[in-house]
Amino acid sequence: AQKITQTQPGMFVQEKEAVTLDCTYDTSDQSYGLFWYKQPSSGEMIFLIYQGSYDEQNATEGRYSLNFQKARKSANLVISASQLGDSAMYFCAMREGRGAGTALIFGKGTTLSVSS
Amino acid sequence: DTEVTQTPKHLVMGMTNKKSLKCEQHMGHRAMYWYKQKAKKPPELMFVYSYEKLSINESVPSRFSPECPNSSLLNLHLHALQPEDSALYLCASSQARGGYTFGSGTRLTVV
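Protein chains in written order, with this note's numbering: chain P, 1 to 116; chain S, 1 to 111.
Some clues are possibly wrong.
Said to hold, decoys possible - Covered stretches of chain P (chain S as the covering partner; in silico rule of three or more C-beta atoms under 8 Å from a C-beta of chain S):
| # | segment |
| --- | --- |
| 1 | 30-43 |
| 2 | 96-109 |
What the hints assert, rightly or not - Dumping the calculated EDC-like pairs for lysine to aspartate or glutamate here, alpha-carbon to alpha-carbon at most 16 Å:
| # | chain 1 | residue 1 | chain 2 | residue 2 |
| --- | --- | --- | --- | --- |
| 3 | S | Lys36 | P | Glu44 |
| 4 | S | Lys40 | P | Glu96 |
| 5 | P | Lys108 | S | Glu44 |
| 6 | P | Lys70 | P | Asp29 |
| 7 | P | Lys16 | P | Asp86 |
| 8 | S | Lys53 | S | Glu67 |
| 9 | S | Lys9 | P | Glu44 |
| 10 | P | Lys70 | P | Glu96 |
| 11 | S | Lys41 | P | Glu56 |
| 12 | S | Lys36 | S | Glu3 |
| 13 | S | Lys38 | P | Glu44 |
| 14 | P | Lys3 | S | Glu44 |
| 15 | P | Lys3 | P | Glu96 |
In case anyone wonders, no lab produced these hints; they're calculated from the structure. All C-beta atoms in this analysis are idealised placements derived from N, C-alpha and C, irrespective of residue type, glycine included.
Let the hints inform the model, and build the full structure from the sequences given.
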């Protein structure tokens, strides 16, 4: 079974609009972390936002916010006021546990296209 | 220094060549990772080093050989690769309870 599910292969949005990228996860661990990364065509993996399983508040980083619904096991990324430079692949990822050497598991990704 | 540096950025190699990818970090992170990523796919975990010891090998073919000479350096030695091994190879590092820092990757083409 997939640990991280991103059901939207592609999303299209106009500049200045908000967009939500979906992510659901599956784990039996109590301690885990959820990450969102942006990957432009250059290949660099850019960290956007992090939510820990014990964090009660939804994480926010500038135009990015994470809508964390623990009971539903969802961690959707919300980008407000989209910009042309937001066009990229977006990955949701999870770390189970907290030890050193715990690898990230990635979802299949969502390609976001922002038009003017 | 908050970066993971990968070299080279691009590599073209023949199927009989031997080459190495290098990854370096000076953040004091004690875990380092190699991922392989094909176009339009997610990164796939290959190897994990924790405190300079190999802790995870995700059934990677022996033509890929990782090495961790010290806590700051991670190498991936390549030998007798196949064209299907052409991909973006990403290195990352992390510490317990912390985030993950990725390098910008090496784009490998096997001809």
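If you draw a straight line from the CA of Lys40/S to the CA of Glu96/P, is it 16 Å or shorter?
violated (25 Å)
Count the residues of the segment 30-43 of chain P whose Cβ falls closer than 8 Å to any Cβ of chain S, and tell me whether that reaches three.
holds (count 4)
In terms of beta carbon proximity below 8 Å, does the segment 96-109 of chain P have 3 or more residues touching chain S?
Our answer is that it holds, as 12 residues pass the Cβ test (under 8 Å) against chain S, meeting three.
Lys70/P and Asp29/P were given as a pair; does the straight-line alpha-carbon distance stay at or below 16 Å?
holds (12 Å)
Do the alpha carbons of Lys36/S and Glu44/P lie within 16 Å of each other, as the hint requires?
holds (13 Å)
Can the restraint linking Lys3/P and Glu44/S be considered satisfied, given a maximum Cα separation of 16 Å?
holds (13 Å)
Given the hint that Lys16/P pairs with Asp86/P, test it: the Cα-Cα distance must not exceed 16 Å.
OK: Lys16/P and Asp86/P at ~11 Å, within 16 Å.
Under the criterion that the straight-line Cα-Cα distance not exceed 16 Å, is the pair Lys108/P, Glu44/S satisfied?
holds (10 Å)
Holds or violated: Lys3/P to Glu96/P, with C-alpha atoms at most 16 Å apart:
holds (10 Å)
Within 16 Å, alpha carbon to alpha carbon, are Lys41/S and Glu56/P?
violated (32 Å)
Between Lys36/S and Glu3/S, is the straight-line Cα distance small enough, at 16 Å or below?
Distance of about 19 Å is beyond 16 Å: violated.
Would the hint linking Lys38/S and Glu44/P be met if the CA-CA limit is 16 Å?
holds (14 Å)
Violation of the numbered hints given earlier is confined to hints 4, 11 and 12; the remaining hints are satisfied by the structure.
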